Amino acid sequence: MVLASMQEGKLALPAQAVRAHRVARKSSARVRRWKEVSLGYLFLAPSLVLFAVFLFYPLVKSLYLSLHLTDPRGRIAEYVGFDNFAQLLSSSMFWNSLSVTALFTLLTVPAGIVIGIVTAALTHIKLPGMRGFQFVFSLPLAMSVSTSAVIWMILFHPSLGILNYILQQAGLSPIQWLTDPSMALLSISMMTIWMQSGFNFIMVLSGLQGISEDYIDSAKIDGAGPFRAFVQIVLPLLSPTLFFLTVISIIGSFQAFGQIHLMTKGGPAGSTEVFVYSIYKEAFVNYQYGTGSAFALVLFAIILALTIVQFAFVEKKVHYQ
Amino acid sequence: MRNPVVLLQRTALYAALALLAVAVIFPILYTVLQALLTPEQSSQYPPVLWPDQVYFGNLEKVFSLIPIGTFIGNSFMIATTIMIGQVCIASMAAYAFVYVAFPGKKFWFTLFLTTMMIPWEVTIIPNYLTVKSWDWIDSYQGLTVPFLASAFGVFLLRQFFLQLPRELFEAAKIDGAGHVRHYLTIVLPLSRPALASLSVYVFLQSWNMYLWPLLITNSDGMRTVQIGISMLQFEEMVSWNNVLAGVAVVLLPSLLLLVLGLKQLVRGITAGAVKG
Numbered sequence: 001m002v003l004a005s006m007q008e009g010k011l012a013l014p015a016q017a018v019r020a021h022r023v024a025r026k027s028s029a030r031v032r033r034w035k036e037v038s039l040g041y042l043f044l045a046p047s048l049v050l051f052a053v054f055l056f057y058p059l060v061k062s063l064y065l066s067l068h069l070t071d072p073r074g075r076i077a078e079y080v081g082f083d084n085f086a087q088l089l090s091s092s093m094f095w096n097s098l099s100v101t102a103l104f105t106l107l108t109v110p111a112g113i114v115i116g117i118v119t120a121a122l123t124h125i126k127l128p129g130m131r132g133f134q135f136v137f138s139l140p141l142a143m144s145v146s147t148s149a150v151i152w153m154i155l156f157h158p159s160l161g162i163l164n165y166i167l168q169q170a171g172l173s174p175i176q177w178l179t180d181p182s183m184a185l186l187s188i189s190m191m192t193i194w195m196q197s198g199f200n201f202i203m204v205l206s207g208l209q210g211i212s213e214d215y216i217d218s219a220k221i222d223g224a225g226p227f228r229a230f231v232q233i234v235l236p237l238l239s240p241t242l243f244f245l246t247v248i249s250i251i252g253s254f255q256a257f258g259q260i261h262l263m264t265k266g267g268p269a270g271s272t273e274v275f276v277y278s279i280y281k282e283a284f285v286n287y288q289y290g291t292g293s294a295f296a297l298v299l300f301a302i303i304l305a306l307t308i309v310q311f312a313f314v315e316k317k318v319h320y321q
Numbered sequence: 001m002r003n004p005v006v007l008l009q010r011t012a013l014y015a016a017l018a019l020l021a022v023a024v025i026f027p028i029l030y031t032v033l034q035a036l037l038t039p040e041q042s043s044q045y046p047p048v049l050w051p052d053q054v055y056f057g058n059l060e061k062v063f064s065l066i067p068i069g070t071f072i073g074n075s076f077m078i079a080t081t082i083m084i085g086q087v088c089i090a091s092m093a094a095y096a097f098v099y100v101a102f103p104g105k106k107f108w109f110t111l112f113l114t115t116m117m118i119p120w121e122v123t124i125i126p127n128y129l130t131v132k133s134w135d136w137i138d139s140y141q142g143l144t145v146p147f148l149a150s151a152f153g154v155f156l157l158r159q160f161f162l163q164l165p166r167e168l169f170e171a172a173k174i175d176g177a178g179h180v181r182h183y184l185t186i187v188l189p190l191s192r193p194a195l196a197s198l199s200v201y202v203f204l205q206s207w208n209m210y211l212w213p214l215l216i217t218n219s220d221g222m223r224t225v226q227i228g229i230s231m232l233q234f235e236e237m238v239s240w241n242n243v244l245a246g247v248a249v250v251l252l253p254s255l256l257l258l259v260l261g262l263k264q265l266v267r268g269i270t271a272g273a274v275k276g
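Residue numbers (the numbering used here), protein chains in the order written: chain A, 1 to 321; chain B, 1 to 276.
The set of hints was computed from the structure by calculation and includes no laboratory data.
Please note that a few of the clues may not be correct.
[Claimed, not checked] Result set (EDC-like, lysine to aspartate or glutamate): computed pairs, CA atoms no more than 16 Å apart in a straight line:
1) 105/B with 135/B
2) 126/A with 213/A
3) 132/B with 214/A
4) 265/A with 213/A
5) 173/B with 36/A
6) 126/A with 214/A
7) 105/B with 71/A
Predicted model, so just to flag it, every value in this text is computed and none were measured.
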């Protein structure tokens, strides 16, 4: 019995120790896991806080503002339900700015992409001097909207601008670039295409650089000329890049603001009043934060729809390598 | 002998390229040349394109007309702050998404994804009201803090971190290095190319910002170059070559950045197009 108890005691001690050890290891694993999780959230915290304050809260607040009338200091005056939206949809200003933006998109996006393809494809040919041309075509990347707008306003000047001087030298009559309602949007589009050309060039060029030479070589062996090889082989392979570029260009043109604000202030006769300019005018000139927010939410819906189209619909039809 | 058809093709190619290059570079070249014209030359008709001497009077005049030194200082300060802030904050989040195991990772990552679909213009009215209620109008905080987090930066860096060899992480763990040490001494130094891309891209974007500084700055002391330069345009009695001299001064840092960091910038821009 003594022996047994001794044996028991002897056995009991290690068993206890093992259990204690196990508990300790379990809890230290738990501590380690807890530390890992809290570190993960700690690393995410700055981003999350900033997104919450400057992105998600404003989105909710926009919705809230769009259902109310506000005073010029942004305080809520009364709840009006969907009146702001109804008013918006029945105002000619809304439909005008929607159609101006659509026209602006049509004028800038296809031309911009074609210029991007041409400049990138030509400088992608392996010949001397191409690095220099590549640098020149990427130069507009450094241009901001305000420097571009100031330069082009001077180029566009009706009596002293260099563009009209060139036209006159060529025996043509001068153009009222920014003051003729039928011309102003076209002029702004020209300037915008120029300003964006560096970005489009870089996007298409890096798309081209991602295409294996083998494809083009095999097309050449089949006897295709350089132009046919480009259209039939390279363009389809480039379609993911071009598609992505198209979508972000459309989104970008719906966000245009600076050049309009600087060059025409939406005029003449509202002919250049694009969407974001209308939002700006509603909210920060007329102090109508409610209708301004309703305007902004319509913009959000349009851009969201474009993004969804990108992800869900057209991406399937684009050729991927 | 060269094939005449090839020769003709090449001549046509270079002619087309030269024409396009002239069209692209003309506004920039015109700006620089006009900035160097003397007042007499700039008022001549027909317009003088090429200065016959290097004249810096316009540049001096710009500095006396508007506080352009202050504007440049402000823009530099703001762009640098946003750049450093975005690189730090985005690299931390990207590190957590790649190396740290925590529940809800997928959810948070999707949430980050969705933030890319919210255009800044949509949130501008509430953000303006927020910043105004905090008395951040005309302040560096107001100009920088809303831009310190970017989902784009997180994606760009995450993509790069995923390509780093996993063995380094295991080796650091065996050496007893925790996450913070691993992040600071291994991941960040190895990611210099990606960090440089993000930095150049963010700096240029912040330097060129227009709508937000337009809304929240009122005093000359807080204006950025982009707003300041457009003010010059509407000043009375300011001649074109003075305006263009101002534009040239503002363009100089961006052009310099483009020359030095084109490779990084291209990587930054095209990262957005990478799938996955």
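> Quick check: which numbered hints come out false for this structure?
Replying inline: 1, 3, 4, 7
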